[in-house]
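Undergrad: The residues making up each chain are set out below.
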Amino acid sequence: MSELALLVAALAAIAGLAWLPLSATRVLGAAGLAALAFAVVRHPLGNAAAFVLAAALGALALRAPPRVLRRVAFLVPSFALLVAVTTALMYLAPGSPFAQERALAPSVEAALRERYGVPESALGFFRIYVERLVVAGDLGPALKVQGRTVADLLAPALPVSLALGGLSLLLALALGVGLGVRAGLRPGSLTDSASMGLALLGISLPNFAIGAALVIIFSLELGWLPVAGWSGFRSALLPSLTLALPHAAVIARLARAGTIETLQQDFVRTARAKGLPERIVVWKHAAKPALLPVLSYLGPAAAGILTGSFVVETLFGIPGMGQWFVKGAINRDYPVVLGTALFYFGLVTLFNLVVDLAYAWLDPRTEEVAT
Amino acid sequence: MSPWRTAWRRVRRNRAALAGALLLAAIALACFVAPALLALDPQGTAPALRHQSPSAAHWLGTDALGRDLLARVLVGGRTSLLVGLAATLVSVAIGVAWGGAAGYFGGALDEALMRIVDFLYGIPYMFLVILVMLLFADTARGEALPVFVALGLVQWLTMARIVRGQVLALRGRDFVLAARALGASHARILFRHVLPNCGSAIVVYATLSVPSVIILESYLSFLGLGVELSWGQLVAEGVAVVNPIRSPWWLLVFPGGFLAATLLALNFLGDGLRDALDPRGGR
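Order-wise, the sequence lines are chains A and B.
If you use my numbering, the first sequence closes out at 1377, no skipped numbers anywhere.
If you use my numbering, the second sequence closes out at 289, no skipped numbers anywhere.
Treat the hints as calculated values from the structure; they're not laboratory data.
Owing to the predicted nature of the structure, the values given are computational and were not obtained by experimental measurement.
The C-beta atom is built at its ideal place from N, Cα and C for all residues, glycine as well.
Some hints could be false.
In silico negatives: residues of chain A with every beta carbon more than 10 Å from chain B [unchecked claim]:
(1) Ser1008
(2) Val1014
(3) Ala1030
(4) Leu1087
(5) Pro1162
(6) Leu1175
(7) Ile1222
(8) Gly1281
(9) Ala1293
(10) Leu1304
(11) Leu1321
(12) Val1354
Estimated spans, in silico, between C-beta atoms of each pair [what the hints assert, rightly or not]:
(13) B:Arg179 <-> A:Ile1223: 53 to 63 Å
(14) A:Leu1356 <-> B:Gly113: 22 to 32 Å
(15) B:Ala103 <-> A:Leu1204: 29 to 39 Å
(16) A:Pro1072 <-> B:Arg194: 31 to 41 Å
(17) B:Leu28 <-> A:Arg1192: 41 to 51 Å
(18) A:Ala1111 <-> B:Pro60: 50 to 60 Å
(19) A:Pro1072 <-> B:Leu28: 45 to 55 Å
(20) A:Leu1110 <-> B:Leu95: 35 to 45 Å
(21) B:Ala32 <-> A:Gly1184: 47 to 57 Å
(22) B:Leu115 <-> A:Ala1117: 45 to 55 Å
Bound conformation, chain B alone (with noise of 0.2 Å):
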């Protein structure tokens, strides 16, 4: 039996982890299908029906402007979920290559690209976030792209490291020193033989990254930075909303909710995945 048939097999014996996937691939569901299916608007207006709190027309009633929460959690949990999926995968492309080059590489090559590496670890990552957005000021202003470039522009230093390590260890094993005696390119033995038995732990780390980029992207969100419309924006209305007298607590409690029900499915699923790929791991 393969690995990978190995882990399949011991994540389904994993409750959480099986328990997680199944929780996440509702959410999906719930925010790419039903907003069509109940006909749902996410930006019309209805003045009258300002603050409403959560009753059979609106079940998760309505925001300052009177549009239906319910339909804006899950417009806003798309654009959330694409773009923990995007900039995690930007960062992958970009982790891989360059771990991969510096684990299989090795000497000054591997020292020069690690520095680099360590410098852009040393700044706050939100800083470098901001730099970036900026480049887009003017022709992108709350849309996903730029969020999605600037986000993978700074997950991706993990990855190389991990990465790295994982390249660093398989590089002098008697299956690769078997491949260059066969006369295989860089190319083909990094690529062929090297990298796929990276795959556990580059599929465990994206899995985890994903929902660190979707907090990245709510604080850019309650920075007025973000993406329109995602749950991080709204979670960030729900908490300005918040005053001693009478607050519309289902604009910071849906949001919220959905937002860490999605978190913890993720974190759930990637720990499950980290113990069933884990070869060590006989659980």
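Bound-form chain A, shown alone (with noise of 0.2 Å):
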């Protein structure tokens, strides 16, 4: 059972890197970012260039506080995992890539895995797939597209992607923070009450759901903005406040409770006992701790937001990462669903990276940063 072994392998290597010394945490951790770097940048930039900006990386991970370096150093662990799980578990499921109608002969079917890079073990398979990736920062070929590379296929769907997603969360942040923050300053009022309440059903409604009813609204009844598809900003609106609204309804039940508690907070009373007016009081004295929760809720609600996506996608019929994520899924297609789940895992772990140093920066109590 290579995928088996392939799978315990890898979680025994990340689960051993706890075991090490802080100093061998700190060479490792500076090595792999900077690699993992060099290998990002290499297309785009160029070998000097790129060399250049990995050593400074690089330099710069060597100096990092402790609780840094261990994210980082877990970085690189963590792609080369990402990719042995989605391997192990591709090679478990039934079915092959190169499963048809009319069963392939034998010896057609070697020469088309030996073509294609997709042996019959899911370790050779691995070890083809990270050499091509790490030495030729190469997606490999889609198997059930002919003549396309993945590299193809994803890069028109990246784009596309990252705005509905960047979009999504602005909404939900603006909605979120706006709605929570004047919830909180009068709790029990009616303004409290209706946006809890809009909150809640916002949690309590699948997003499909919503994007469906948002569609008979504006686009059936008013008439306002298209049904589907994705042809500049109009068409993007619906799709990214159906994937928002259940994220900015969390965000403001957590900028509520966040207001709520700061407000009664002895600075804040100092504040107003200095006579500084109510504005300046909310938004430049307690903004900053009252929505820290908010802070730490962001790496989640990516996922979040990109999980969504899936159905947002199929529902609106935009052509972003996500369909091609379910169409390599079931054609088995194990490298078209290699290259969307390092993009998808790339993504979020980047994000959280940057939500973590933002987070240690605005407070910097926080020794571990709670869920």
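Once you've looked at the hints, go ahead and assemble the two chains, each given alone in its own frame, into the complex.
TA: Structure representation (structure tokens):
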């Protein structure tokens, strides 16, 4: 069972990192980060510039505080673990990318496997895939779309998914913080009950039902916005709103709780006693600590928005990354699945790292970021 | 009075939580008892009765194959409630063991266990769910078991983090030291002294996890990977028939209404439990 061996080895490697002494972690983390940066920027920037950038990042990582360092050291192994876990699961699943209506002759199938770099064993595939990725920076060929590479397929989908996700996150933040802080300023008021009722409704409906309701209201009844498709800003509004609403609801609840708690603190009383206008007290003094829980929710929110985008892309017929993942998974197109996996995981990981750094910067008290 | 009794009194005083609990009980009762009492058949097709709007014979109307929507909504509710409950139980089992071990033993083991949680947290869970569902693609398509397993496997992460945090805070308390001084084994300290004190956090989070599992199942149904006949699947069917000319609105409104009412009730109940079990809150 080479799939299980691969899975166990990858998990052991990641867990084993925890037992390394700090000095080893420091060197490994810096080297890993430099290698990763080099691999990512080599194609757009060229070898020399990429090398300089990677060396600079590595030097920076050598001096990072231990908490950040542990996360950085974890970065490269976790990408390897992602490829290993995804490969193992795909090989364990029944079916193969070369299964067709008419069974292929064994010699033909062997030739195809050889040509596309998809051997029978999961371990062999893992080795070929990682080698190709690291040495050539190549995501491999798409097995089910003749003559195209994974990079060809995903390149047009990438900006679409990024735009949809980014717009959704911004909408969720703006709506959630606006509603939540207003509600938290006057707990028990009509504004408070109305926004919290709305927020509760937002987390109590699946997003495709919200999306359908929005389409019925804004497209079919009022005719303001297009029903589906992806052609400019107007067509992006309904899908991103659909994606944003459940997260706006959670953010509103967090912002409300944070605001209520912060406004009871001594420094707020002091600021008020100084005679500062309420606007300054709220947005200058209270907002930062009150919104820390929102900041730590942004990581899960980004992952959640990407998850929801599978559904929303299907509902609105948007040509994003999600469709390729679902198609790839159903067709057992291993390189396509791995390519989308690396994209989603890289995005969420990067985002979590930035959120962590921002958190440590905004709240010097934190040693460990709370969930 | 024990903390649980105090909490129960506070829940009873919280009208929203009480209303949520009653509504939930009513919906569960309707789903599990009413189809048999009213002799409803969720699968019987009637080509002559396609897309009938609600009437005395079919209270909630009929679908594209003339099947009675009331029967389908109630029987589909069984699936959704069971999926929510079963996947939550799976997630509680894994999350409590994982987070408990990480928090109690600490050190490098904690580090190793929580790095794996962090890793899984970085993967959008839909991705994992779909990969795990693929494992069952041939053997159990449309059945409930793969969905329980797949959703439970991704749902335990937050539980593990919460339990770890609680255990970490309790580990150094005097009553744990006293137990250790008396020579109690690690297992006994963890299961008899530490974990019972995390009970309220576990109960609250488990209650709030049921609605999110039900929503996740509906995403799977929407993508055609879910359980046969669940609320998610019915809502997805309702969404599919939305059109500008003459929408059979009841196909979207009734399953969506049941789903939303259940999730609202669960969220009210969870929030109420959180307020009631919070040792700081005297409200």
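Undergrad: Now tell me if each hint is right for this structure.
TA: Evaluated hints:
Chain B leaves A:Ser1008 outside its interface by the beta-carbon criterion, the shortest separation being 16 Å against a cut-off of 10 Å. The claim that A:Val1014 lies off the interface holds: its Cβ sits roughly 13 Å from the closest Cβ of chain B, which is beyond the 10 Å cut-off. Once the 10 Å rule is applied to beta carbons, A:Ala1030 is consistent with being away from chain B; the minimum gap is 13 Å. The Cβ of A:Leu1087 does not lie farther than 10 Å from every Cβ of chain B; its closest approach is about 6 Å, which violates its non-interface assignment.
At roughly 21 Å, the least C-beta separation between A:Pro1162 and chain B is larger than 10 Å, which holds for a residue marked as non-interface. Annotated as non-interface, A:Leu1175 keeps its C-beta farther than 10 Å from every C-beta of chain B; the closest such distance is 14 Å. Residue-level check failed: A:Ile1222 sits 6 Å from the nearest beta carbon of chain B, not beyond 10 Å. Look at A:Gly1281: its CB is around 31 Å from the nearest CB on chain B, clear of 10 Å, so calling it non-interface holds up.
Look at A:Ala1293: its CB is around 24 Å from the nearest CB on chain B, clear of 10 Å, so calling it non-interface holds up. No Cβ of chain B comes within 10 Å of the Cβ of A:Leu1304; the nearest lies about 13 Å off, and the non-interface call holds. Not every CB of chain B lies more than 10 Å from the CB of A:Leu1321, the least distance being 7 Å, so the non-interface label is violated. At the 10 Å boundary, the C-beta of A:Val1354 falls inside the reach of chain B, the nearest C-beta of that chain being 5 Å off.
Checked against the given bound of 53 to 63 Å, the beta carbons of B:Arg179 and A:Ile1223, roughly 54 Å apart, stay inside it. Our hint of 22 to 32 Å for A:Leu1356 and B:Gly113 holds, since their Cβ atoms are close to 29 Å apart. The given range of 29 to 39 Å is respected by B:Ala103 and A:Leu1204, whose C-beta atoms sit roughly 38 Å from each other. Between A:Pro1072 and B:Arg194, the C-beta spacing of about 34 Å keeps the proposed range 31 to 41 Å intact.
At roughly 29 Å, the beta carbons of B:Leu28 and A:Arg1192 sit outside the given window of 41 to 51 Å. Look at A:Ala1111 against B:Pro60: about 58 Å separates their beta carbons, and that is inside 50 to 60 Å. A hinted range of 45 to 55 Å for the beta carbons of A:Pro1072 and B:Leu28 is consistent with their spacing of about 51 Å. With their beta carbons about 44 Å apart, A:Leu1110 and B:Leu95 fall inside the hinted range of 35 to 45 Å.
Restraint check, B:Ala32 to A:Gly1184: a C-beta distance of roughly 36 Å breaks the suggested window 47 to 57 Å. Judged by the Cβ atoms, the range 45 to 55 Å given for B:Leu115 and A:Ala1117 holds: they are separated by roughly 48 Å.
Violated hints for the displayed structure, listed by number in ascending order: 4, 7, 11, 12, 17, 21.
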